[in-house]
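Colleague: Each protein sequence line maps, in turn, to chains A and B. Okay, so the first sequence: first residue is 1 according to UniProt numbering, each after it adds one. Okay, so the second sequence: first residue is 1 according to UniProt numbering, each after it adds one.
If you're looking for bench data, these hints aren't it; they were derived computationally from the structure. Ideal placement from N, C-alpha and C gives every residue a C-beta, glycine not left out. Please note: incorrect hints may appear among the correct ones.
Stated by the list, open to error - Far from chain B, some chain A residues (derived; all Cβ distances over 12 Å):
1) A203
2) S223
3) K302
Claimed, not checked - To give an idea of the interface, some chain A residues facing chain B are shown, with a C-beta separation under 7 Å as derived from the structure:
4) I137
5) K144
6) L146
7) Q159
8) N295
9) G365
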Amino acid sequence: MGVVWCLPGCRRAPPERRSSACSLQCKPEELTDLKEVPREVNAPQRGWYHTIQERRVRPQRVRRHSNPLQERAVTKGFQWQRKGLPFGTASSYLNLEKLGEGSYATVYKGISRINGQLVAMKVISMKTEEGVPFTAIREGSLLKGLKHANVVLLHDIIQTCESLTFVFEYVQTDLAQYMSQHPGGLHPHNVRLFMFQLLRGLAYIHRLHVLHRDLKPQNLLISYVGELKLADFGLARAKSVPSQTYSTEVVTLWYRPPDVLLGATDYSSELDIWGAGCILIEMLQGRPALPGICNVTDQLEKIWLVMGAPNEESWPGVSSLSNYRTEWRRLPSKARQLSAVWGSQVTSALSIEEDCILRLGRVKGAEELASRMLKCFPRDRVSAERALELYFFQTLPRQLYQLPDVRSIFTVPGVKLETEFSDLFTPYPKMQHQTRFDWRF
Amino acid sequence: MAVENTTRCHDFKTMTDLQKMPDRKREPLTCKDNNIILEAEKDEKKKRYQTTGFKQEKGVIFNVIVCSDDKGVSVGQSGTCPVAVGSRSRLLFIHSSLLERDLKKAMANVDMHVEKYACEIFSNMMKEQATCCFKVSDVPRRVTAAMRAILVDWLVQVHEYCAMQEETLYLAIYLMNLYLKTSNIRIPKLQLVGATCLFLACKMEENAYPEPAVLCFMMENTYDKAALLKMERQVLSHLRFELRYTQPLDFLRLLIMTGKFSTEVAVKSILLPKNNPSSANPRQSVPSHSADAVASENDSTFAPVEQEKQKVAEIYNLAMYFMELMLMESEAMTFEPAQLAEAGLNLAQKVLQETKECFDTCSEVHKLYTYSNTELLHVEHLMANASIRASTSETKATYLKYSKSSRSSVSTGPATVGAQYLSSLVHHASFS
């Protein structure tokens, strides 16, 4: 309710207050496209951005029970947006702030003047010799064909002479941030919801013959309500391509399946399933499942420690792969029980809280799911669609399985996130991002 | 090597002619004649349709896909039974579970172990491919059939020279057609558009794409790099990043895999040569015999498996040859990818049956796609026509490409030997 109250209050501010706000101008350069502000807005409230500045100066009210879903109702009140602005032009969007910088793109937060929605703008520079980067071409053309509640939505594509901008829906945080905010493992119920959405998204893209190929927590976006969305399809492909195009960053190495690490190039949807399995364990225990240190061999040996080293019996054709080493034959080939590996690790720092954290072995069905997903031999891995049928997801309402593609699972009554056990930013969980990013309040 | 040289030198002369062609309203010199020819052909076609009773269905036909798996294949949203899909498309029944198993196996072999989703992917492919065809009127009139043929011919040469994947060529030409459809192109830029589409297709399909400078060199530096990159942006914004295409080659492979050939043989002869052409392909060590000679040699020396492998390779290459010839014909743009694939394979079989006795045995190919016989015959007729003209026409890059021994020399072998049969087919089609 505070939301609704706040906005008209600002509008009706007396003139002397407004001028005082003018003198307090802090960083007008953050709002880039001021020239684009339509005229008619100036008449009733001169310089709408002053009101924003003013709101910043005010003591911030703590809104503990704010409902993020009201966001849209508020944005409707903004009059500076215009009807009939075209898609595909830069002037239809306002840059608000920089969110981050990727390998080939910079991401900004922005707001659409077409419908007032918040957007994330991925600006790709095209000043290279090669023209439009191939990652951008693949991502753009793939995302055009994907419409699903668990895949990030591509709103618009803007092309100018020196840059290419993908306009995505704005999603507040990602799984990596979420996990670092709630250290020591997530609530099992939340893990179940995230996992369900992840597998639902994967099942969808696999059905369309698309592989994501770069699954990691940074690429899974999480909204306020807990919707999980697959993002960053720069490495994705409709068909398999040898792994040279695979990112060489160490981070992704952790989520890479053994067959790809060994140099196999004929991988398929099983590739993403391994990554999803690693993410499941990371969510439960709060630390990466298989953090290799430096290189491919190290990563592989880490996997063998858990799964047992493969041989021709358990994995036909393994020894013909390019990175296979004969000395691995001496390693034990028996797989350990996953709950024994990850269920019993004790960190010294958090040993008291440790007790209340449910680990892999204690969450019903989690171990089964993880062991079905983490198989060395690619063909043994469960498919995303079958995984959704496993016991781990039994407690979720059955309606979730009948939802149409574009409906979020949170539209089903009774489905919502639980409060996490630990939060670095207590006592206001999840407020942190809102106060930092959301300039409207 | 000699063959390759000729391919390379067969040369961009024709292309430079194309560049010199006047802009906009002044029509290129050959245009009038061509138009007349086109008109004449159209009239002829109309007559033919009337006489043979071939009518193009205009209404909305539904594409019904029925999966009759005991367990119910699809668990997710796209339900188990009749999936109705709008637009112009076909009836498809995966009627027996046997065929379905075959299909799954084939998909697993072609598309790398996706049997878990085989049915859904296949039905998606069928849905998408129906949108991948054009109307004849989609190409602007000032781009005549002859000009288009020259351009495609040049693209085939560049594609061959850079040793790209087969799919890249099909995608490039599809993109080019799309761009021609949506934009108002000027004739002097035609080659630039072709090169740009190839460049884009490479970025989509290939691991390593050529430098823009290489492509500029291929165009004899008529356009500089900046122009190429600018055109790339233009093409992308015109196509609105919708670059997905269902490859006719995928359908061809599926057809062959589900056919009567034992799958392993088919996999070996189709997939392996592509992956590592130097080692896995025994035919390459054989110097350029004609295919007949090789076949007769094999009867005595090679094991039956080897022989069957060669049969599959030959039929596959011949079908690919017919399909690739169709890239040049602007009339062939109206066909759906699956239609092209099935017609190509059908024709290849007929030709091989006609020219060699040993081919009677493996003639069975499952009908995965239900195109009516008339529809297929129409495509086959076009293909036959094109292959008769191939060796003598100006644009014979495809002919030369498929005369190499690594492609079973199908264009000089069976296609030439069977020319009489082909012409009789054409004759028959035009008079019946």
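Colleague: Against each hint, give a clear statement of whether it holds in the structure.
Modeller: Verification of the supplied hints:
With a least beta-carbon separation of about 6 Å from chain B, A203/A fails to lie farther than 12 Å from that chain, contradicting its non-interface assignment. Residue-level check passed: S223/A sits 22 Å from the nearest beta carbon of chain B, beyond 12 Å. Listed as a non-interface residue, K302/A keeps its Cβ farther than 12 Å from every Cβ of chain B; the least gap is roughly 25 Å. Against a cut-off of 7 Å between C-beta atoms, the interface hint on I137/A holds, since the closest Cβ of chain B lies about 5 Å away.
Interface restraint check for K144/A: the shortest CB-CB distance to chain B comes to about 5 Å, inside 7 Å, so the restraint holds. A distance limit of 7 Å between C-beta atoms decides the matter here; for L146/A the minimum to chain B is near 10 Å, and the interface restraint is violated. Against a cut-off of 7 Å between C-beta atoms, the interface hint on Q159/A holds, since the closest Cβ of chain B lies about 5 Å away. At its closest, the beta carbon of N295/A sits 22 Å from a beta carbon of chain B; the interface hint therefore is violated under the 7 Å criterion.
With a cut of 7 Å, the hint placing G365/A at the interface with chain B is violated, because the nearest CB-to-CB distance is about 18 Å.
In this structure, the hints that do not hold are numbers 1, 6, 8, 9, in rising order.
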